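Take these sequences, add in the hints, and give me the full structure.
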Amino acid sequence: MKQCLVVDDSSVIRKVARRILEDMNFEITEAEDGQQALDECRKTMPDAILLDWNMPVMDGLEFLTSLRVEEGGENPIVVFCTTENDVAHIARAIRAGANEYIMKPFDREIVEAKFQEVGLI
Amino acid sequence: MTPSEFEFLKNFLKTKSGLVLSNDKQYLVESRLQPIARSSKLETLSAVIQTLQRGGNRALETDVIEAMTTNESFFFRDKTPFDHFKDTMLPSLLESRATRRQIKIWCAAASTGQEPYSLGICLKEQASKMAGWRTRILGTDLSQEVLEKAKAGLYSQFEVQRGLPIQMLLKYFEQQGEMWQINPDMRAMVEWRKFNLLDSFTSLGEFDIIFCRNVLIYFDQATKSEILGRLAKSVPDDGFLVLGAAETVVGLTDAFKPVPGKRGLFQKKQAAQASAGSGTSPRLAAVAGMRR
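Chains as they are written, first to last, in the working numbering: chain A, 1 to 121; chain B, 1001 to 1292.
Simulated from the structure, these hints should not be mistaken for laboratory data. These numbers come from a predicted model, not from an experiment. One or more hints might be untrue.
Unchecked claim - Looking from chain B toward chain A, a few residues come up when the C-beta cut is under 10 Å (computed):
id	residue
1	F1074
2	K1079
3	R1134
4	Q1157
5	G1163
6	L1170
7	E1174
8	Q1175
9	E1178
10	Q1181
The C-beta atom is built at its ideal place from N, Cα and C for all residues, glycine as well.
Right, here's the structure in full:
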């Protein structure tokens, strides 16, 4: 079973994402901010990370930048999932090493399409 | 369609199928239900709605629900046909059309434009192999309304997230407020025309590739056969026909044969056998040669 880390400061979003991803046969771990996510990754590197941008303590972009220089941190497939929906933000995320990008609001179909796009399902 | 007819359909679909139609979906209803009006011999949408209102026509109810609950069009829908396009159809045509240097493609159910634009994106991505080539993509649909949307190339955030990789969004689209618009040079690649598949194809000319996905399902068997027969006259022997993933030509026509191992891809009878032979891997071909 593939593991997906869901990183979002909203418990509602984490719950919705968990439900969708569990139906897609992922084992889910959760983190509320970038720092917690980094701690999780140091314990076990997940196969996929669904990543919010704006979070307290450490935001998504800072987390991604730190993750990519961790040992094994180049492996997880990172899909941003954020309300930031302008070209500049998307381009920054891709440059920082994001594999795909979901603009909120999202639904099941979008998550499936994007995860398929990056070869996770 | 009158507002009260649309309102009835909204309630009908919600009760019968749970499908919730927003008020901007009138074009979708019209384009999806027009084929049913024809195939049920009721001719007009109003007649279909009146029949539904009277009740008791279970077959018609099912047809309407099925038509409306089919997935909306999205970019690179089903993926496989676009892989066939890049890996099978284009290489074959780049070879066979090397003198003429022209490829003509027809999307026979272009809807809101995602399929023709996806093919346009594939062609742009192959630009290095296609220097000096002319390509023509024709997108036709029964509904003028969907064609207007297709022509504008303006899509919602939801629409651009279904099937379109983020890199392609950045490369080929521009953000317009809450919407995303495909770039002018991409829009210029496709020519749009309102067209009914029941009409003669002769005015359209010949095509190397015809995409005719998920539209024959709206017609009865006899009409399907008839359309497939005429499609065969619109492609040369080495051209290609692409049908929807669940569609087949079995029992409908002898003019097309499935290309082995390529789901949804068809060629005229002889060409399909020939390309199946040439598609054999070199090693297997060598083994076959030794046996001979």
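Hint check results:
This hint holds: F1074(B) has a C-beta 8 Å from the nearest C-beta of chain A, less than the 10 Å allowed. With a least beta-carbon distance of about 8 Å to chain A, the hint placing K1079(B) at the interface is held under the 10 Å criterion. Violation of the interface hint for R1134(B) is found here, the shortest Cβ-Cβ separation to chain A being roughly 31 Å, above the 10 Å cut-off. For Q1157(B), the suggested interface contact is upheld, since its CB lies about 5 Å from the closest CB of chain A, less than 10 Å.
Restraint check, G1163(B) versus chain A: the minimum CB separation of about 6 Å is within 10 Å; hint holds. Contact between L1170(B) and chain A, as hinted, is supported at the beta carbon level, the nearest pair being about 6 Å apart and thus within 10 Å. Hint status for E1174(B) relative to chain A: holds, with the closest Cβ pair at about 8 Å, below 10 Å. Hint status for Q1175(B) relative to chain A: holds, with the closest Cβ pair at about 6 Å, below 10 Å.
With a least beta-carbon distance of about 8 Å to chain A, the hint placing E1178(B) at the interface is held under the 10 Å criterion. The closest approach between the C-beta of Q1181(B) and any C-beta of chain A is roughly 12 Å, which is over the 10 Å cut-off, so the hint fails.
Checked against the numbered hints above, the structure violates hints 3, 10; every other hint is satisfied.
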